[in-house]
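A.B. asks: These protein sequence lines map, in sequence, to chains A and B.
The first sequence begins at 1 in our numbering and counts up by one.
The second sequence begins at 1 in our numbering and counts up by one.
No wet-lab data here; the hints were simulated from the structure.
Positions of the beta carbon are idealized from the N, C-alpha and C atoms, including for glycine.
Don't take each hint at face value.
As the list claims (entries may be wrong) - Pairwise CB distance ranges, derived in the manner of DEER restraints:
1. B:Ala431 <-> A:Gly161: 19 to 25 Å
2. A:Glu48 <-> B:Glu392: 52 to 58 Å
3. A:Gly201 <-> B:Pro22: 30 to 36 Å
4. A:Pro239 <-> B:Ala507: 35 to 41 Å
5. A:Gly260 <-> B:Gly375: 52 to 58 Å
6. A:Pro43 <-> B:Pro22: 44 to 50 Å
7. A:Pro53 <-> B:Ala431: 37 to 43 Å
8. B:Ala507 <-> A:Pro56: 46 to 52 Å
9. A:Pro43 <-> B:Pro89: 41 to 47 Å
10. A:Arg115 <-> B:Asp484: 31 to 37 Å
11. B:Arg427 <-> A:Glu160: 27 to 33 Å
12. B:Pro22 <-> A:Gly161: 52 to 58 Å
13. B:Ala39 <-> A:Arg115: 32 to 38 Å
14. B:Glu457 <-> A:Asp85: 19 to 25 Å
Claimed, not checked - Which chain B residues stay away from chain A? Per the calculated CB distances, all over 12 Å, these:
15. Leu74
16. Asp165
17. Glu487
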Amino acid sequence: MSVSRGRSRRSHVVVTCALLAASVWLASVSGASSARSVADLPPEAIPEFVEVPAGPFLMGAGPATDPDAFDNERWSPTAAQGTVDLPTFYMARHEVTVAQFAAFAKAGTWRVDPRALAAPPDHPVAFVSWPDALAYGRWLDAGLKRSSSLPAWLRARLDEGWRVTLPTEAEWEKAARGADGRRFPWGHDPDPARANYQRAGTAPVGQFACPACAFGLADMSGNVWEWTASPYQPYPYDPDNLRATIDDDALWVMRGGHFGDPARLVRTTTRGGADPGARRAFIGFRVVLTGRRF
Amino acid sequence: MGGAFLAPLAFTAGLLALTLVPRIGDHPALRWSFWGAAAVLLAWQAALAVRSRREGVPVLHLPTPRPQHYVQALCQIGIYAYWGWHWPPVYDFMPLLAGQLLFAFAFDLLLAWSRREPYQLGFGPFPIILSTNLFLWFTDDWFSLQFLLVAVGFLGKAFVRWERDGRRVHIFNPSAFTLAIFSVALLLTDSTHLTWGQEIATTFGAGPNIYLVVFTVGLVVMYFFSITPVTASAAATLFGASALYGAVTGVPYFIDSEIPAAVFLGLHLLVTDPSTSPRTPLGRGLFGVLYGLSVFALYAVLGAIGLPTFYDKLMAVPLLNLAVPGIDRLVRAIGERPVLERLGLTGPLGRLNPAHMAVWIVLFAAMAARGGADGMHRGDALPFWEQACSDERPQACERLIRLEVSYCGDNAGWACNELGRHYVEGRLVPADLDLAFVYFSRACETRFQPACLNLLEPSAALGGDPRALDLRLLLREGGHNLLDMPEPDLYARACRHGWSFACDRQAASR
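Chain A on its own, in the form it takes in the complex (with noise of 0.2 Å):
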């Protein structure tokens, strides 16, 4: 009888012990996937803003301006370009890299495609949906926004209520080729010393000097795809109508051809389009500082 008794009461400890040694194993787990730390904005994540002065540009391409227009490219049945005023913005010299990217989900408030960071850190950042592109901005902004290092001009503007998001299609067109119209960046002709294009491969941002290029702004053409906050529709551009695609199965327009891509895709007036979620070795995205509301 005390035999029994005590082999039941070691099986007891026996069992409370594997019981928890279980509780603590799964505790050690939950607490590893639960810890999330916000940590500050790293130096490296923030942008080099360039600005783009208030003013017009003309946008869009026809046949009569550039003969390797594409139709949706053509502002109007009577016109191939039309005229667009803009605000003051500032754009990101270079596109966002992968080593800014994974800053970001370091910092754990998104979940990211893991082949987003697996290019070399000074790569475009690519493997990034529309709304990964937007998350990124949203973070980018509350970071900087959080920061006690800022230029006091930017300070400035994001006290004024400026904010980080992705450019619209118009202020990046504007940005790519100027007031004064050019087809590349840099100018009328194609030059694949100034852009990485029909290539094999993306390129470290800002590889591809380009002095000439309008607002000194790298990589505007090639490298990868960038998005922009604005919905593939039909010119002429019209960027009150946007509550107007509410019932669309809308695709999103990414602008400036990729590394692939011949020269006819990399000029400041191709435009294509992608479904948002779409996350594509060839598409990234650069950022923008910007006063308009959406």
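Using the hints, position chain B against chain A.
C.D. replies: Chain B only, in chain A's frame:
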């Protein structure tokens, strides 16, 4: 000495051999789980081999197969076959199930020999493993815990025992014991995401007529083991309590069923272990009533504290197992009273299994006729919950949110956008713009355009009608999505669910 040790070695070798199957071998965490489990078993065998030099060779019996093992196992296999037909991950899981069976045999055998007991090599581990896996699996990355889950079940069976009717027997239903332990641990550590529990509970009802299938399979078990009173009384309790709640509050208790399909399965294959149930039909009836009440209560408690409600069916069984002697004593005490004799509950009819089964068949038919089994349930319709929420019916808004979370998880963009709007508005849930942004993103990635616009300006919280793609998910009534349903039928069904825009569209197309 060598002969007796061949059995556990063979099971362990089988476990290792399974890592050659691509499903296991191609996944590093799975492969290591299997190797780890095999290493533990091999080390244990080595230790026993050393001991056997001193104490002699352990004994292995090959007894006649016992029907409570193989009949249960066959019924469970039938359930897996049907479930897997309608949810392919079940078939994909089969190599992992086989691994658990091999592990269970080896573990049980070594456990017996460690305790200096002979081992009865039969079908015993089958129903334990099969019933455990009908309710909970760990994901591939955490599959080592599945082996621990199995081990705990067998440890409970071997060590947690008591004297009952002059025999030393295990107290707990082994699968229910380990499921309950792990359920509590997973809930306490907020680690439910390590398992497929929610998917299992949700997809179990995906097959058409699942209640009828479980009922039919359950009849086979009932025919052999006289456990009908447990199932019937638990089902009657749950159905009755559900109906009463619905009548008082105007909304169903279990959202989209009178008894959830996975709970209905539990009534048949989890709580019905004859050796850990009361002895008499009346006792088993009481046992079932208590199980029904406990599921009913746990569902409310888990839901109220924001925990996954599918654990409701898993947590109470060990406590009920502990109550079995008390139930038996109670039945003995009241069984002497003439009123039970007059009701026939102590006479031949009260003990007659076919009579119990007949009562259960009638009861199930009544439940089915009242919409408590297969077919559309009023809680399947989202407009019903939207209306109930705006009417401020009890729990209606919480359940609306829960349904939308579930449909959003299925990639219904409309549901994700609605959730985002709730988190912007802060009326049904506390305002949380970050979470709203996450939901809008999910909706936008399914090309639900209002959600994409909401990402640009979350405070706008724009809404829209569900698209056909969304309706194929929202109208599935607990079963499969309706990818092949022609659009006119889809909109007709949506209209039946109370979507007014679908009724308008239907009318316009006539």
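A.B. asks: Give a verdict on every hint.
C.D. replies: Consistency of the hints with the structure:
no.	hint	result
1	B:Ala431 <-> A:Gly161: 19 to 25 Å	holds, 20 Å
2	A:Glu48 <-> B:Glu392: 52 to 58 Å	holds, 54 Å
3	A:Gly201 <-> B:Pro22: 30 to 36 Å	holds, 31 Å
4	A:Pro239 <-> B:Ala507: 35 to 41 Å	holds, 38 Å
5	A:Gly260 <-> B:Gly375: 52 to 58 Å	holds, 54 Å
6	A:Pro43 <-> B:Pro22: 44 to 50 Å	holds, 46 Å
7	A:Pro53 <-> B:Ala431: 37 to 43 Å	holds, 38 Å
8	B:Ala507 <-> A:Pro56: 46 to 52 Å	holds, 50 Å
9	A:Pro43 <-> B:Pro89: 41 to 47 Å	holds, 45 Å
10	A:Arg115 <-> B:Asp484: 31 to 37 Å	holds, 32 Å
11	B:Arg427 <-> A:Glu160: 27 to 33 Å	holds, 31 Å
12	B:Pro22 <-> A:Gly161: 52 to 58 Å	holds, 56 Å
13	B:Ala39 <-> A:Arg115: 32 to 38 Å	holds, 34 Å
14	B:Glu457 <-> A:Asp85: 19 to 25 Å	holds, 22 Å
15	Leu74	holds, 31 Å
16	Asp165	holds, 17 Å
17	Glu487	holds, 15 Å
Every hint from the earlier list agrees with this structure, and none is contradicted.
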